[in-house]
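Participant: Residue numbers (the working numbering), protein chains in the order written: chain A, 1 to 336; chain B, 1001 to 1246.
Hints are not guaranteed to be accurate.
[Unchecked claim] The calculated label-pair distances, taken between Cβ atoms and stated as ranges, are:
1. ARG1178/B - ALA251/A: 49 to 55 angstroms
2. TRP1035/B - SER257/A: 49 to 55 angstroms
3. LEU1196/B - ASN248/A: 33 to 39 angstroms
4. LYS240/A - TRP1166/B: 32 to 38 angstroms
5. LEU1137/B - THR41/A: 42 to 48 angstroms
6. ARG1094/B - ASN248/A: 52 to 58 angstroms
7. PHE1009/B - LEU9/A: 19 to 25 angstroms
8. PHE16/A - PHE1198/B: 31 to 37 angstroms
9. HIS91/A - ARG1065/B: 52 to 58 angstroms
10. ARG1029/B - ARG134/A: 51 to 57 angstroms
[What the hints assert, rightly or not] Restricting the straight-line Cα-Cα distance to at most 30 angstroms, the calculated cross-link-like pairs of lysine-lysine (DSSO-like) are:
11. LYS1189/B - LYS266/A
12. LYS95/A - LYS314/A
13. LYS293/A - LYS314/A
14. LYS1189/B - LYS1064/B
15. LYS205/A - LYS293/A
16. LYS240/A - LYS293/A
17. LYS1189/B - LYS205/A
18. LYS1189/B - LYS1201/B
19. LYS1064/B - LYS154/A
20. LYS95/A - LYS205/A
21. LYS240/A - LYS266/A
22. LYS1201/B - LYS154/A
23. LYS1201/B - LYS266/A
24. LYS314/A - LYS240/A
FYI, nobody ran anything at the bench for these hints, they're computed from the structure. The C-beta atom is built at its ideal place from N, Cα and C for all residues, glycine as well.
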Amino acid sequence: MVDTLLNVLWFLGIFFVGILIWAALSPFETMGWWAGWFGDTIYEEPVPSDGLLRRVHSDTTSYVLFLSGVGRTSSETLSHRERVFLEHLAHVAAKTVIIDDVFPYSVNNLSLTAQPIFARFWRRALQWKQHGPRFAGNLINLRNIFQILISIDKRYGPMYNQGVAEVLFHGLLRYDYRPECEMPVFLVASSGAAQIAVGAAPYLKELVNAPVYVVSVGGVFGSDPGLLDIDHIYHLYGSKDAAVRWSNLDAGRWPISASSTWNRAKRQGKVSEVCLGAMCHSGRGSYLDFRAKTATGQPYVEKTAQTVSAVIDKAIALRTSLEPSTVGGEITEAQI
Amino acid sequence: MFFAELPSFGQTILQALSLEPSIYATVQRHPSGFWVALAVVFLAGLSEALGQSVVLFINQIRPKRFAITLLISATSHLFGYALWAFIVWFIGVRIFGHSQSFLMTASAVGLAYAPRLAAFFVLTPFLGNGFSLLLSLWSLLAIVVAVSAGLDMPMWQAVATSGLGWFAVQTWQRTLGRPIYAMRNRIEKRAAGRPLQFTLKDVARIRRPHSALWTQWPEQLEPPSGGKARGAIPPSGYARKETPNG
């Protein structure tokens, strides 16, 4: 009995050390790209338009780049909930080009299943994720979480976030974005992708030369130095979402850290926090759930999409108004 | 002469990491103990160099140069170790009056580098600083245990020897040792093959050239009314830019 317990502990110890080694080696992908070891190519895996998403309109007023949660392996989403959300968003934000075929967990948009050495492993991990064992499928989430940690780390963040900004800019150009038009860009990011959005947004702003907003849907992000350069950040959260509290792992998000970029951005009026009601982070009752309904009978996903659309409309309206300094401000339930 | 049996290399390291005093005594009495200690110091140097390699990447060093620079850094680690072992031996023998050969002291001190084998964990994103602190404390404890076991001295003398040794090394680095460290830096820079002009502090204000974007989308990136194209960012090297918020 004691021997079995010791064996289990030994196995867990080895597993834990293995994960730590993997985490320690994870920045080499970003650093190698920065040093030019892997070339300058930005990989493309465009997903054909379904008539709603990834469609350029004649009267386009803004662009949305959707950065999905940590479960992705490529630029194509496999989440049914995400697809439903984006379709709802496309309906309510009819003049917005919605781009979702970018892979924000890679500095050059290279999907995991196309990596030169580990492609077979990631394909297998994807099979595990879809058909079980689900625990093994979490390796994809873990790998992408390491990329989020890279994005927030002061040593690697500026490198990683520049790479992602280029990938996002490349995504915009693929859908006829004209930098000289100064059309506003909205980074709609869920979960940990919100960190990547706030990290990459300032660099993207340099490339597009236009306003860049971040819309975090239950986002987890730190007090990134880039927060002050973003035109505005709208943080949508649910009262039952425990995961958003992970943001507090970064001491800069604590109210006591008065000089942190997060608190400075809040004081400068660059942050709007909007409660979406009793929504949780993922699964049933989450922001993207199409079964759970609000007290008025509106599906959660519809409410989330409507709120995102309202945020986009408000930001555009305020930008075109006479007082550009008021862009942002508090969004209330009544306004939505 | 009786030699206590030295466990396998892996076991020796595990026992050294768990601060087992007997392994430090064993390694200094075994004929191959010094070589084991030297291997630990070299590998620890390699791990430490890997942990500090972010600067090499920031400066866009090529893969072959990267490997050479790491090897040089690990080798220079051996000189630092020799100095450290000599100072510990000198204090132990001259100040506290213990009789121990230099080689035996050096074996115990070398094995005390074992915690630094994990120095590359400093690379762990977001958690690296925590690891750095943990490793520093661990290394400090290991050197005290090694000195105590290696020179067969009571714990307070081991703490005093380690403290005085640390002070002596710091003084050496800032005074007489400066030309030697400057030479090491020159060799490392030469091995890198390009000037290591950027440090970690610079990373937030440097920009990588976007050559792929400029070649794929030239017409979109051309400004509407003449002027300077975005592609004017140099195709190689860095474009520097100050951060908007200092």
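Participant: Indicate, hint by hint, whether the structure satisfies it.
Facilitator: Cross-check of the supplied hints:
1. Taking 49 to 55 angstroms as the suggested C-beta distance range, the pair ARG1178/B and ALA251/A does not conform, at roughly 37 angstroms.
2. With their beta carbons about 50 angstroms apart, TRP1035/B and SER257/A fall inside the hinted range of 49 to 55 angstroms.
3. Roughly 37 angstroms separates the CB atoms of LEU1196/B and ASN248/A, a value that falls within the hinted 33 to 39 angstroms.
4. A hinted range of 32 to 38 angstroms for the beta carbons of LYS240/A and TRP1166/B is inconsistent with their spacing of about 53 angstroms.
5. Look at LEU1137/B against THR41/A: about 44 angstroms separates their beta carbons, and that is inside 42 to 48 angstroms.
6. Between ARG1094/B and ASN248/A the beta carbon distance is about 53 angstroms. The supplied range of 52 to 58 angstroms therefore holds.
7. Checked against the given bound of 19 to 25 angstroms, the beta carbons of PHE1009/B and LEU9/A, roughly 23 angstroms apart, stay inside it.
8. For PHE16/A and PHE1198/B, the Cβ-Cβ distance of about 35 angstroms falls inside the hinted range of 31 to 37 angstroms, so the restraint holds.
9. The hint said 52 to 58 angstroms for the Cβ distance between HIS91/A and ARG1065/B, and at roughly 54 angstroms that hint holds.
10. A hinted range of 51 to 57 angstroms for the beta carbons of ARG1029/B and ARG134/A is consistent with their spacing of about 53 angstroms.
11. The straight-line distance between the Cα atoms of LYS1189/B and LYS266/A is roughly 44 angstroms, outside the 30 angstroms bound, and the hint therefore fails.
12. Of the supplied pair hints, the one linking LYS95/A and LYS314/A holds, its CA atoms being roughly 14 angstroms apart against a limit of 30 angstroms.
13. For the given pair, LYS293/A sits about 25 angstroms from LYS314/A by alpha-carbon distance, which is consistent with the 30 angstroms threshold.
14. Taking the CA atoms of LYS1189/B and LYS1064/B, the gap is near 14 angstroms; set against the 30 angstroms cutoff, the hint holds.
15. At most 30 angstroms may separate the alpha-carbon atoms for a hinted pair to count; LYS205/A and LYS293/A exceed this at roughly 37 angstroms.
16. As the CA atoms of LYS240/A and LYS293/A are separated by approximately 14 angstroms, the hinted pair is consistent with the 30 angstroms bound.
17. A hinted pair counts as satisfied when its Cα atoms are at most 30 angstroms apart, and LYS1189/B with LYS205/A does not qualify at roughly 35 angstroms.
18. For the proposed pair LYS1189/B and LYS1201/B, the alpha carbon gap of about 18 angstroms is at most 30 angstroms, so the pair holds.
19. A hinted pair counts as satisfied when its Cα atoms are at most 30 angstroms apart, and LYS1064/B with LYS154/A qualifies at roughly 27 angstroms.
20. Among the hinted pairs, LYS95/A with LYS205/A is consistent with the structure: their alpha-carbon atoms are about 21 angstroms apart, no more than 30 angstroms.
21. Distance restraint check for LYS240/A and LYS266/A: the Cα-Cα separation of roughly 23 angstroms lies within the 30 angstroms cut-off, and the hinted pair is therefore satisfied.
22. With a C-alpha separation of about 9 angstroms, the suggested pairing of LYS1201/B with LYS154/A holds against the 30 angstroms cut-off.
23. Distance restraint check for LYS1201/B and LYS266/A: the Cα-Cα separation of roughly 26 angstroms lies within the 30 angstroms cut-off, and the hinted pair is therefore satisfied.
24. At roughly 26 angstroms between alpha-carbon atoms, LYS314/A and LYS240/A fall within 30 angstroms of each other, so this suggested pair holds.
Checked against the numbered hints given earlier, the structure breaks hints 1, 4, 11, 15, 17 and satisfies all the rest.
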